[in-house]
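**Student:** So you can see what is in the structure, the chains are spelled out below.
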Amino acid sequence: MSAEKVIEKLRLAVLDYNTDEAVSAAEEVIKLRVDPLRAIEDGLAKGIREVGEKFANGEIFLPELIMAAETMKKALEVLEPELKKEKKERKALGKVLLGTVAGDIHSIGKTIVASMLTANGFEVYDIGEDVPAEKFVEKIKELKPDVVGLSALLTTTLPEQRTVIETLKREGLRDKVKVIIGGAPASKEWAEEIGADGYGANATEAVEVVKKLLGHFK
Amino acid sequence: MPSLNLLSKKQKYALHLTSLDILQEVGVIVPYEEALRKLEEAGAEVDYRGQLVRIPQHLAEEALQKTPHRFSVYNRDLKTRKILGGDETHFGTVGFATNFYDATSRTYRRVTVQDLANATKIADALDNVELYMCMGSPMDVPHEIVDRYMWAIAFENTSKPIINEAMQKEGALDAIEMASAIVGGVEELRKKPIMLLLMSITSPLTYDRATLEAFIEACKLGIPVFVNSGPMAGATSPVTLAGTLTLNMAEFISALVIRYVVNKDAPLIIGSWARAIDVREASAVLGGPEFALLHACVAHMAHYYGIPSAGGGVLSDSKSLDAQMGYEKALTGVIPALAGLNLICGMGLIASENTMSLEGLVIDNEIVSMIKKIVNGFEITDETLALDLIKKVGPKGSFITERHTLEHFRKEIWIPKITNRTFPEIWVKSGAKDLWVKAKEEAEKILKDHQVLPLPKDAKDKIMNIVKGKKEGV
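As given, the protein sequences belong to chains V and G, one line each in that order.
Sequential numbering of the first sequence, starting at 1, is according to our numbering.
Sequential numbering of the second sequence, starting at 1, is according to our numbering.
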């Protein structure tokens, strides 16, 4: 198979939400010694951008968007070690770290935001739920994200968003990342009150906020 | 009597068996050692490291069988009582909005203590609000103790039975202390509960430690618990409604098992908010047809098990008091009501339970009144068949002057409070007002004139001290 063919296979796999196809194409990329960066950019990223547009147009819906992001994720899992080996790095629009704060086990909103960000060209790390401030610090130091997203679904765990921001200040990390918050009880006023850089009322807004914060305008 | 039947006996059995399989083979996460120990003693398979509990069929069915079929809750007057369970269907407000909708300016703002007090007072005055779930989470008080404020505002502004969230043990105990101060002791409260403690399971199949502690404490004390779970089809449960339903029921059965191993006498009602996820907005859909179907089926399963059931209904995702609100509230209300859900909570909030509306509450009262009329049906007796009357009046006759009409009309015909039936010209001449305007006038009248049953002074002081004490601690 030629490089073009296998890259096209990747793109179509994302458009078809076909994880098996995507993984097999990713393995082909490695076998054929095709540039993994090119494969990601022209195959996966291209495919996911088209999916993102279709979703924005109302042609497809959330389950399809999420499945496409999952497909891309699985292919990336195969290709990323190869990237590392060749000492190359993805040209994503930015790196975003997401987590639900301590004491809170809700995850769906965050999962959807993760999928949307992926579909919009960002590199996303979801560090899970019930994440204490110290763990955010640890992961920020390790992964060096551009944006950190804090999710809280309960009025009782909402204050944790403030705690995380205070902790980042203490650790001298606050000015190294942009912090955005989300979740049903959160609001723009609360974001301002606790010194967050942004707030999104839903996943679409979250993506817009991240784009703006990192200087990517439509 | 429930008159809607969406599930055959075979289907109910299939749902039941699947719930049992979920409990036995998938299990639930119970992050609380005391609960894990009790469950293991009772025969559950416990993985202490993963905090995963697998519940065998015999324990699940024993717990189901031994759950109280019904229990009573009381108004603060300790005379007015509502039975939860069996064939009665009651209606209540729902919580816990953080937004307030001003219908006049069509704007949104955050809920304040005053908003909540006003809404509660209106709920107290409206006949069709039978139980009061704290409608809002005031945003002008410290977040950490917002539940204490919610209880205090509720006890002050309504004398109806109150449902509020107990998110940690301390909060539950404070609420119990407040209520005990009103009725004269925790033993009195247990005998005549004036409140229920709401506790949420996080779908799928996961408990939260803090709420578990509160749940178990409430069970130990015999204070009624309202166990809520709202899986989102396609997000936190299978997108197929049957899968969502069976998962939801499995979660509830696990709560019944916990209740059973803690205190066999503790009253408990399951409360389902099972819903679909909107595939464009990723928001929870509370006003959609799936919601109506799911809650009718929860009612069916609860009757199958003989346990008290509650759930969302009379709900809407609309952001204003418009036609969408009307049809969503009506359909999500009448369907579970016809299926015999014992407690339907939804009045007072719009925008998927995010937003409080005073006018909306008055409109919901009207909707529920109409639903009750439909659910109650009509009598068929010799008197109501009225053969003798029909003979008397005969062809071309009139019934309007008959004594039979006078004697029966109030029982037979629904008399609305705010629903408009005037002729078009009159409606135009009076200003062509929409329903919400009438509702607003009604709400203002209630706020001006209605008298809430006053709290005994020592209880009022005790409640204020509890809130103040917590405020100082924050």
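Treat the hints with care, as some may be off.
[As the list claims (entries may be wrong)] Heads up, simulated BS3-like pairs for lysine-lysine below, C-alpha to C-alpha not over 27 Å straight-line:
(1) V:Lys-188 with G:Lys-319
(2) G:Lys-191 with G:Lys-457
(3) G:Lys-169 with G:Lys-191
(4) V:Lys-84 with V:Lys-54
(5) V:Lys-54 with V:Lys-85
(6) V:Lys-188 with G:Lys-433
Hints listed in this document are in silico derivations from the structure and should not be mistaken for laboratory results.
**Student:** Work down the list of hints and note, for each, if the structure agrees.
**Tutor:** A quick look at each hint next to the structure:
1. For the suggested pair V:Lys-188 and G:Lys-319, the alpha carbons sit about 18 Å apart, so the restraint of at most 27 Å is met.
2. Note on G:Lys-191 and G:Lys-457: the hinted pairing holds, with a Cα-Cα distance of about 22 Å set against a maximum of 27 Å.
3. Distance check on the hinted pair: G:Lys-169 and G:Lys-191 sit about 21 Å apart at the alpha-carbon level, within 27 Å; holds.
4. Between V:Lys-84 and V:Lys-54 the alpha-carbon distance is near 32 Å, which puts this suggested pair outside the 27 Å criterion.
5. Of the pairs offered as hints, the one joining V:Lys-54 and V:Lys-85 is violated, with about 34 Å between alpha carbons and a cut-off of 27 Å exceeded.
6. The suggested pairing of V:Lys-188 with G:Lys-433 is violated, with an alpha-carbon distance near 35 Å, which exceeds 27 Å.
In the structure shown, a violation is registered for the earlier hints numbered 4, 5 and 6, in ascending order.
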